[in-house]
Amino acid sequence: MSKLIHKVCVANRGEIACRIIRACHKQGMSTVVLYSRPDAEGMAVKMADEAICLEGTSALESYLSIEKVIAATLKSGAQALHPGYGFLSENAELARACQEAGIIFIGPDADAISKMGMKNVARAIVQGLGLPIVPGYNGDEQSLTRFQKEAKTIGYPILLKASAGGGGKGMQIVAKESELEAAFHSAKRNAQSAFGNGDLLIEKYFSSIKHVEIQVLGDEYGKVIHLFERECSVQRRHQKIIEETPSPALNPQLRQEMGQAAVLIARSVNYVGAGTVEFILDVENLKFYFLEMNTRIQVEHPITEMVTGFDLVEWQLKIARGVALEMQQDDIVQSGHAIECRLYAEDWQKDFLPGSGKVVVWKEYQASGIRMDHAVVESGDVSIYYDPMLAKIIAHGSDRAESLQKMLLALSKTRLMGLTTNQSLLQQILVHGQFESGSYDTGFISKFGDQIKTEWQAKVNSSNTQNEIVMAAWLYQWRLRHNQQALKMGLPSGWRNVFYGPQKDEFELAGEKFKILYRELVNSSARQFEFQINQEWSEEGNNTLLLLDSPADDVIYEMDNRRLSFGVGQYQDEIFIHHADLGVFTLTQIPRFPELEQAASANSYRAPMPGKIVKISVRTGDKVNQGDELIIIESMKMENSVAALQSGMVKDIFVSSGQLVEKNDQLIQFEGDM
Amino acid sequence: MTLMQEFDVLKTSLVGQNPKVLENYKAMLELCGELKNNLRLSTLQGQEKYVERHQKRGKLLARDRVEMLLDQDSPFLELMPLAGFEQEDMTLGGSIVAGLGIVSGVLCLINANVPTQKGGALNEISLLKAKRLDEIAFENRLPILYLTESAGADLPQQAKIFNYGGSAFREITRRSAAGIPSLSIVFGSSTAGGAYIPGMSDYIIMVKNQAKPYLAGPPLVKMAINEVSDDESLGGADMHSRRSGLCDFLAQDEVQAIKKARQIVASFNWPKLQMQSEVQEPLYPAEDLLKIVSADVRKPYDVTEVIARLVDGSKFLEFKPLYGETLVTGWAHLYGNPIGILANNGVLFSPAANKGAQFIQLCNARKIPLLFLQNITGFMVGQQAEEEGIIKNGAKLINAVANSSVPALTIMIGASYGAGNYGMCGRAYAPRFLFSWPNAKLAVMGEDQLVGVMEIIQQEKAAKTSLSAGKIFDMAKGKMAKEVLRKRIGHESSAYYATSRTWDDGIIDPRDTRAVLGICLTAIMQEKKDNKSSFGIFRM
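Sequences listed follow chains A and B, in order.
Here the numbering used here is used: the first residue of the first sequence is 1, the next is one more, and so on.
Here the numbering used here is used: the first residue of the second sequence is 1, the next is one more, and so on.
Keep in mind that the hints were calculated from the coordinates and are not lab data.
Among these hints, one or two may not hold up.
When the alpha-carbon atoms are kept at most 16 Å apart in a straight line, the in silico EDC-like pairs for lysine to aspartate or glutamate are as follows [what the hints assert, rightly or not]:
1. 504(A) - 64(B)
2. 504(A) - 73(B)
3. 36(B) - 539(A)
4. 515(A) - 468(A)
5. 615(A) - 634(A)
6. 36(B) - 540(A)
7. 623(A) - 671(A)
8. 513(A) - 468(A)
9. 612(A) - 634(A)
10. 487(B) - 447(B)
11. 7(A) - 49(A)
12. 160(B) - 89(B)
Keep in mind that this is a model prediction, so the values were computed, not measured.
If we strip away everything but chain B, and leave its shape as in the complex, we get (with noise of 0.2 Å):
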């Protein structure tokens, strides 16, 4: 008997054939809809005269490297799969395939680079989503295992990438430093800078006649020192491993050398994953998530009903329900895992700012991973808010949110506005993971609200110009900019505008809400390995 089968089950109240779940179920499917065609786009790995290109040299697809190096039917979650989405200059993914997988046992992190996508050359936002793999490798001590294969800098926005690009390699030694390993596979090129992943990793594999590390190729070595050389003998994997000794295994092609590397996890002496016992699944169908939600923000849902839908068996144990009843908050499990739950229903109001910082206080004394379900258009204002002192107890939330040191994990369900998403841990706030869901909403404020205050304003400051300068407001022109500045900041809001900039790990359909979680809450909870040394590994 588990001590989960103590809590209650919640009980729901959501209809089938109630007009308002199926507009809100209709409207959701669509926005799922959309996310899965978005999602395939982002499968493409480039134009299709280079992938044929690279399929006819007999080199496989990062995809499909990434698919033969996971264990045969294990999970794995895509990370920032939409990164750079409708960004012009950059490429759909960042030009790497990236995600938390399982080799060999072993819960790794996973960073490819798409040759197919111009030549594999990194933007700014491969840097950004290389950068936030850095950083979640780092807190959840992950090994990395780099799928190298690319131009290096996109030389056009070298500006924008070369002055902090140089953090990856800190990162890679800085993980070898704090014992956690980072392994490379060689490819094709891997020039310069991108020589460095390789040349920073505690384990190298290149692939025979393909992997070509050097600082410099041909062309550069002529007309620095006017030495006339080929590909090969500058940095062929041959020479690499017998030479220059920056290859540790020298693989006879593609296929081989992600065996090794299986190998070389497997070497790893890193703790296995714990198999888990039954768990109970939630009593209520991840369907149902569709119906409950709403499309549109601004209206609301209940989120227990939400909660009923992802944690183990519908149960929960909810801290102070008659208080602060705007924020919910308790206690659950996901997959056999203790989880403190802060949710949304409704604004934000003094009572439930204290409620969600006393809990976060208990959370912390239990050593009890945090959830939070953003669904918050933010503090309450006016008057009587003010007067209860709505910015000292927002203070108090953000304040425990902010020094809160179990990890935590946040959903964005719904609306996210304001200093709402501080308090509820956003992007700022470093959650371990965050994960919108297509429905999600991110910005200061509404679009609506954004826009009417604009107006107020600028009707205020027209009212005072005109005054001085007789000029009378032209409602037409006002209305038109209006709309204008509704559209962008509509835009600007969405979840897709958001994931484009890293600003989350990914959207996620609702359904898969629940494995989203559970593979993050391993990657957060397994037995860590605590085995730093005084510095990284050198290559020698």
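Next comes chain A alone, as it looks inside the complex (with noise of 0.2 Å):
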């Protein structure tokens, strides 16, 4: 018999929260969510009927802390409690404590989340099964000792992961034995920070092979179900950024021994609710080994519900409320191809540093067979908190190359300005020949992550590329000024009786300076301007472009012949330009009248983004040799490390351990000129 849930906790932020409550609510059940202080006027807070503040910013005091997350949904009266993915998803102590308080706990119960989450448990139990397992340690001994024998067994390179974590988070490959001991220390404190749990296990690293995982379902009757494959190769820093099912590099035999594989690991747990099997393949002979179980709802889950029809969050809180499956495994069918492109706030161009900063224009885009997760609200901040995701952009094709069709064109379209993200990257994978053929590994972003950068390189210099961004940035603040502008009376802007010289904008873009001379023409029934960039203003004639009508956010210009058109936006001093097939692009106005202020010295060191200070490694007075190492900011759950640029005696330091900075506060101050 089925039970009647009429309230839903909803633990967790971000778009996963907003999917969790918009399942809720389909099948009538409502929501309160938790959140903490930065999150408080997040998409989630305000999608959901109720919300509960869980007090403190970093995930550790709220998302994390089994206590508050169990006194806050008992507080709402909810009857079940929605995980969500990261966080205290796959913790088995918060299933445990759910038990004891009477919640439910939507997902498996904890005795299946230990075991998988255990992955030396998981491992023997898949072994047991008689499928295949990846060579690796994940002993009880964290020693170093212990870690650099076992490393050796199972032969270099491998790779260190935290027992405790999922989802690639903290991962470091070590090439040789020589790295270990550094690697070692900085996964270990990762693996703390991020889970509460510093132990580490070790697998064997392989250099090309794909990513492949199946979705199961299971009952409280002990059916299992799998939903086939999701194919999830394309990572950079070992996550996942785009994936897709079908797989292209699965036949339909290995596909049955996948799923048939997956579902037997489930059932071997009774696990009950939406999991993810995965494993990796061994592209050269099709190979398959068992990876890990991850016992919950994935991020990429939306591919397989655009192909199977199944609304997999729908069916988790259905088999929540006791309802059986159904259907059987063979009247489960794919129907056509679906992509999903995660948008992370980073920069692709700068190792993936994760960023983060307002959100000053959010524009979906909206088709048949595109699907947006996404919880970004224009305006909103997004903080140095959480895991940089923005949106999920999914796209169901009748076959492979429309949904990688459809998926190109919503990535052009979608228009994210404000922070950096890696939304031109997305487009140019999606354009690279390994991936459209389909026959790409693992290994893909660090194989041809300097290629694509080149390309895109060129693309940005070849064919006034970006002069025409810059021209939008100056149409952009040009309309801006005009829009203010008092005594206009439809007068050419600059209007002379003696023309003597023209108009100056002056921009910034990667690095370089852009100058632009123009000057209105009268024109009756267009805005038309003779303009020079970065050339001098001649008498005998210049270039011309005409500008036309657009909505605010948009610049189109006329120019020989070709309408090109931009997305605009600002915030503070900063401009953005969105450019259809090369991303956005942020530039600087250079002011007419600059300040008066001297350069900055070599000698200051300042915050490259926003974190907090983990850990000072100099002191006043230290000397320090070039690349040294003087302090490390964590942010976004990655450490970075901020290192002398050249040696030096440290005559200051303007920050302490665990002290929360902003991107440009001053650090560290040599001796020499300030």
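Combine both chains into one complex, guided by the hints.
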């Protein structure tokens, strides 16, 4: 008999919280969302029927506190708790605490979670089923010497992972023995801060593999089905950014084998709810190995939903109510092809450095076969405290080619400005031959990242792209000024009865200066300008263009019989120009009247990003050599080292360990010129 | 719905391919091209070697200073750019760049010395131009921003300028008392009399290591009191900022000085320019003006065609269209502001003069500013006209113009001869602004008429003399003299001759007329701050 659930507590944030709330509402369940201070203005809080603040900013103080989560759920009167993904979603303690408190935990029971959560136990189970596993070590003994010994046995390169972790967070590749010690300590620190548990494991590192996972669903009555695979081989920092289904690498037989293996594994732990069995696929001989099982809903679950027609979150809720899976495995078919791209706030040009800040412009693209899962709010902030994923763009087509086409168009039409994102990287990947052919592997980014960067840069540099972008910025700024101008009177801007020289605007783009000289011409039907970029004004003739009418967040102009269209936005002194194919460019306007300030000294170190100071490696008066580590800043769960650019003596340290810093806050001053 | 929408649209009968129209267009385009060339000459700012030397010192040219001072993208109406044109001992523009422009959202008058033109020394034309600027500033309550760098009086011409030159300083302080601010940026030398331009101003900015206002430079000081000194200690910006108190704001360089000036203007607490709501452009293109108007003032044209290309929506409410029809009168709007227009369509007869007088009275009663479009050969002459009382009726028009209390704008769009000039608000009748088209003529009468009149008088004189002395009038000699006279009068009647002597505020391209009127109307109409005090600001 199925139970009634009137109210569900959503113990998560961002897009997945919104996704769960929607699914709950569809089934008539009201929702209460738990939130931390920085998320108070988030979309989930607005969408939920109730919201309870967990107080505190860091994940550890809020979403990761079992005590707070249970107390809030009880207070809210919710009968069930949905943990989403990440945070406590694979924490057996929470499942157990729910059970004790009489709350339905939407997911498998604590036993299944802990079995699959402990990698060595999971591996033993899978091995016991006669299924292949990846060579590795996951023992209780966590000493460096033991790790050194085990790594040698497995053979380098190896992978260090957090035992309690998932999703690739804090993973490190160790190529050779000499690197192990440093990596070991850093990985431990990361594991401790991300999962509250510093235990690590070792896995054999394959250089050319695909990452293929199988979605499973199990009900209370012992039935387990699978909903086919997702290929998630496009990864950076060992985290997925593009997923697709069906995988171009699987044949029907292999698909069936892997599906059956996944069902077998889930069944062996009496799995209830939605789960994912991850495999690595050795491309050469089409052999798969069990990697791990994720006992929660996955970020990339929507592509499975698109091709199978199953609403996985809805089924999570149904299963939690005790509803039986009435469908048969054979009834489930893959229809067409779906792909998901994850839009991240990160700088793919700079080693995927995570970013934060204000979302200045957000425009999602709506079209048939396009789905966007996100919690982005225009003029909302992306904080430094959590994962920098902004949105998931999902495209569904009748075949792989069609869904790739749809995705590329969706990416060019999606606008997110104000933060540095990986949008243009996603676009470049989609048109990369290796990706198009489907033969890519998990090394795709590391293999082709530089090539993609170079090609992207070449596109930016070629055929005046930069000039066109700068012109969009200029026309955008011109229009803003024009709209505010008193004494407009329909005169051409900068009207003169005695012409002496053109008007001037200067911008900086990617460290380069662009000077635009311009003059509006008298033209009753359109705004026509003559102009020069980085060239002298000519009495004989200059370039001309027409500025066309458009909404305020577009700039459209016509030049050489070509119509160019850009998305535009501005926050403080940063101007954002969205180029449909090449992403968002950030420009600053060089003021007409420069400040008198002196240039910053090379002896001064400033925070490269907002974050928390986790380690200060020097003391006042220390003599340091070029390249020495000065400070470590943690941002978006990543440790970033600030190193000395030149040798010198530390004169002053302006921060202390544990302190939160903003971008450009001064950290350290060396002796020498201020 | 604005009131203007009630007015009717003027119809046009201009046919593009008409031979007369094509001829007009060709001739007027030529005149406009000539104007453009002359204006380009006025932007040269002195001999190349002085310009280069100035720039090598890291200094900005006067026009670059002005451009930088103005709000980006804002309009600038330069005044009297061709003052001194073709006058031998004068400089083109009078070594001053001047005009109406917007600085920090405030409409200001700018008066910038051109230091690369004879050291920025002021000649007689400079004086006339500066006096006219003072007049404009006072009448229209406009702040003046002085960009000062001048060697002072052009000494060889001192006799022409010294006596009246003092009015410049008097005017600054009278405006100060009337609450109209003046600001000086001192970029360089500003000696003796020159020192009083900043000296009298409400605000002074000096550029470090450049500005040096003093009453007497090192040589004169040595001569006068046998004191050995240098520029910096006598009048350096630093000294004036820390010791004499002459300087209010010390700027590191020219750009910073201009930035500071913009900030000070922003602090004037001056009425901001009103945002104009969307205005209706005329229905017909301004380019047509060159096709309507004849380059030869002897050929008449229909002035309503001109009005249709100047006013909002080409909408016009004509007053008394059936009476005195050689003077077109009526109401229209310019950039949303109501305006009463008086425009000539031929010689002024008594009814036309009377109608004009009545119309001016109506505009005074309604507080509507006036726009005169002058194309007038004069009041009608002859027995019939005299009998109809043309003097009496003309006097009514002149009376009305002279005593009108609403602001007036005048554009010379053709002939301006005789008392017609007065009745149609010529310079002597103090319109707030007066501009000429390049085809305009200004004289007591047309050169043919004048030569003809002279000929008749001389023939009569000769006849008398020859009768008594038995001499015969030498026809050939008379013809040659006639040609010389015609040429001279023609030259002296030209728009360039007039503008060179600051008899107008500039020659404009007819196609710019609407823009020029708009800026002038803004200067006239904007909300005025009345903050008089009994004294100008004393410099402490």
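Quiz item: Is the hinted pair residue 36(B) and residue 539(A) satisfied, with a Cα-Cα distance of at most 16 Å?
Solution: holds (13 Å)
Self-check item: 16 Å Cα cutoff - pair residue 7(A), residue 49(A)
Solution: With Cα atoms ~10 Å apart, residue 7(A) and residue 49(A) stay inside 16 Å; holds.
Quiz item: Given the hint that residue 513(A) pairs with residue 468(A), does the C-alpha gap stay at or below 16 Å?
Solution: Judged against 16 Å, a Cα distance of about 14 Å means the pair holds.
Self-check item: residue 623(A) paired with residue 671(A) [C-alpha distance capped at 16 Å]
Solution: Holds, at about 10 Å.
Practice problem: Take a quick look at whether residue 160(B) and residue 89(B) sit within 16 Å of each other, Cα to Cα. | Solution: Holds, because 12 Å separates the two Cα atoms, which is no more than 16 Å.
Quiz item: Does the structure keep residue 615(A) and residue 634(A) at a Cα separation of 16 Å or less?
Solution: Measuring from Cα to Cα gives roughly 9 Å; hence the hint holds.
Quiz item: Going straight from one Cα to the other, do residue 36(B) and residue 540(A) come out at no more than 16 Å?
Solution: It holds: about 14 Å lies between the C-alpha atoms, which stays within 16 Å.
Practice problem: Mind checking the alpha carbons of residue 612(A) and residue 634(A) for me, to see if they're no more than 16 Å apart? | Solution: This hinted pair holds, its Cα atoms lying about 5 Å apart.
Quiz item: Straight-line Cα separation of residue 515(A) and residue 468(A) no greater than 16 Å?
Solution: holds (13 Å)
Quiz item: Are residue 487(B) and residue 447(B) close enough, with their CA atoms no more than 16 Å apart?
Solution: It holds: about 8 Å lies between the C-alpha atoms, which stays within 16 Å.
Quiz item: Is the Cα-Cα distance between residue 504(A) and residue 64(B) 16 Å or less?
Solution: Within the cut-off at roughly 12 Å; holds.
Quiz item: Is the Cα-Cα distance between residue 504(A) and residue 73(B) 16 Å or less?
Solution: holds (9 Å)
The structure shown violates none of the earlier numbered hints.
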